[in-house]
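**Q** Going letter by letter, the sequence shown gives residues 35 to 213 in this note's numbering.
Rather than coming from a laboratory, the hints here were simulated on the basis of the structure.
You may find that some hints are simply not true.
Claimed, not checked - Straight-line alpha carbon distances no greater than 20 Å define the calculated PhoX-like cross-link-like pairs of lysine-lysine that follow:
| # | residue 1 | residue 2 |
| --- | --- | --- |
| 1 | 39 | 75 |
| 2 | 147 | 124 |
| 3 | 124 | 148 |
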Amino acid sequence: MAILKIARMGHPVLLARAAEVEDVRAAEGRRLLADMVATLKDAGGVGLAAPQVFASVRLFVFYVPESRAGSGGALPLTAVFNPVVTPLDKEMELGWEGCLSIPGLRAAVPRYKKVQLSGLGVEGEALNMVLEGFAARVVQHEADHLDGVMYPMRMRDFRYFGFNEEMDRNPVPLPGEVL
35 MAILKIARMG HPVLLARAAE VEDVRAAEGR RLLADMVATL KDAGGVGLAA
85 PQVFASVRLF VFYVPESRAG SGGALPLTAV FNPVVTPLDK EMELGWEGCL
135 SIPGLRAAVP RYKKVQLSGL GVEGEALNMV LEGFAARVVQ HEADHLDGVM
185 YPMRMRDFRY FGFNEEMDRN PVPLPGEVL
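Required output: the full structure, derived from the provided sequences and hints.
**A** Structural data, given as structure tokens:
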């Protein structure tokens, strides 16, 4: 397992639609997956999409730690090949997001509150999950990477976009949020 370099905003690999994975059990896919897991753990993130490590294929890994679980509960590290994320209703919520490809920044991004995630697992088995809250936000963010979409492209109000350091010193409440 290797720690891979993470592509940063501005690199063309992050703006292209990634290709479907033909054989999820192929050696190169397994190697990429192992390297992505090692890279995610090293970087301290909760999700990583293959294009973020310069591999333009439809694969992401994610997990939800207890500290971020909320009502949706914690989730173990999960790999999804050829994922499809489908909103289960029209209700959206604004929430803070960061990205390993946009280090040091965060923004308020609208996302669907409840989604269905389907795709293939590491052995080629069908995966089907209904996710809410933070987990739903994470998989929408990672799936966007597979379509060449980065979170600033989803933003509606740039008053809620800034450097982590500044926003930690000068918190900006989201609409309806009390600090």
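**Q** Work down the list of hints and note, for each, if the structure agrees.
**A** Hint-by-hint comparison with the structure:
1. 39 to 75: 13 Å, holds
2. 147 to 124: With a Cα-Cα distance of about 8 Å, the restraint between residue 147 and residue 124 holds, given a limit of 20 Å.
3. 124 to 148: 9 Å, holds
No hint from the list above goes unmet by this structure.
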